[in-house]
Amino acid sequence: MAIRALLELLYMMKQDEAGGRTYEDIETITTDKSEESHGTHTSGIAAGSIVGNGLQGMAPDADLYLCGLGNHIFDSEILNQVSSIVDYAKQQGKPVVVNLSLGHNTGPHDGTAAVSQGINNIAGEGAIVVVAAGNEGKKDLYVHKKFENASSKDVQCQTIIDGSPFYGMIIESYYPANYYTTINCYTGQSAQMQFVVVDTQNANAVVCESELIDIDVNNNVSIGDLSFNDEFGKYFKFGQLAETTQNNNYVSSALNGSNNKYETVLKLYMIPGTENDSQRYLLALRFYGTQGDELHMWSDAYSIFIDNGDNAFTAGSPAGSYNDLATGKNLISVGAYSTKLTWNSIVDASGNTRVSKYDNEMAQVGTMADFSSYGVDPNGIWHPIIVAPGHGVESAFNRYNFDEFTYLMRRITNEVEKDGELYRYYINEGTSMACPVVTGIIATWLEYDPTLSPDDIKKIFEETAQKPEAYGTGIAEQWGPNGVIDAYAGLVY
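Residue numbers (the numbering used here): -15 to 477.
If you're looking for bench data, these hints aren't it; they were derived computationally from the structure.
The calculated lysine to aspartate or glutamate pairs, modelled on EDC-like cross-linking and capped at a C-alpha distance of 16 Å, are: (1) 122 / 461; (2) 313 / 440; (3) 218 / 259; (4) 137 / 277; (5) 129 / 361; (6) 78 / 45; (7) 443 / 109; (8) 218 / 183; (9) 313 / 361; (10) 442 / 109; (11) 78 / 109; (12) 78 / 47; (13) 78 / 433; (14) 313 / 439; (15) 251 / 284; (16) 324 / 343.
With these hints in hand, go ahead and build the complete structure from the sequences.
Next up, the structure:
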């Protein structure tokens, strides 16, 4: 049975106990997500069973408690399910380690988001939560700028929003979007913001600018209602998602009571105007504020920040690309390094194989995966806290996601028959894969000492992990403060 089918099965059984679904309903289930194998793969890495092919998980004898999140993953549901897992473990008198191979790039990134706070409070002695650091280590999605000008009327920071890596994405309205993105901004004091349209082929010349927008308490502005000093529609038109009448182009700001920061959310869904078919014109943001204040700004990875070769603008950086969900002080963020770049892929039903490899010519075994997110959060915590294999990892494949065309992907690496069932395994990459490696290893540590706390785990990393200097070159910050997890050395310690 596919892992996600099992998740739905568990969920429906819970409903039945409360007088909801019947067992006849459960009996009809095959899988609730036939086009995905992510949950199957990550669960297999953490605790896949021994089937004789050497591809069992890190903790193959561990009990699995699986939660289905459905097609839409909401923070509230993540928090509810983590709480459910930990509560169940306590009822059974067992320690637990929770794997979260999911997350997002928007948010305060300081552990004060409601879901991060909630999960952080659940984690503790005998309850460890492990979170993927993210796969945006090559994206310039983060801007950090200290305001230096003495006058609040002077521009303190300006940056260009570039959606060009994502221009090929077709939205439901069948328009190629200049922007289909969410951006979160944080300042310590109230400030002002302005939209500017710049000509990227003419030294970032300003062709259009908006009125100033106040960043203060409970300010909500539709971009379509802003006045511009030129005809904005020549450069951008507002898109609309087909399934909703919601305004998809707005600016909303409020004082965040959790961290006492002014939080501004920008929602953009814009398509090229009549004079912008080549996406020559891009939106820029200007910020005005108090000297000494700081701006922290993240995109959702569907846009990046650039300076277009102009020092008057601030470029974005990937050194802040870590998952917002991973920033609670009791949580453990995991980065990925490369362990396999070539593999024998099964290419047809007869079991014929051929050598396959990653296209990334820069990758080397033992070096950091270039996609692995990293950075130091506003609390001074360096992410990822630990690094594990996440580039070239073999694990279980969802059988309901398979047809003969799957062989053409050249990712299927192993097929094994057990108890009359054919099980397939495939290769994948991401911090989603590194995360359950760490989850499974911690499960074996908890078997020895079920009282281990998040601080204990971090101390084990500090004392036993293989330091980054022992590995390949690359961006040193991507390795985090500890380097690569050492399962055996940690157990001995």
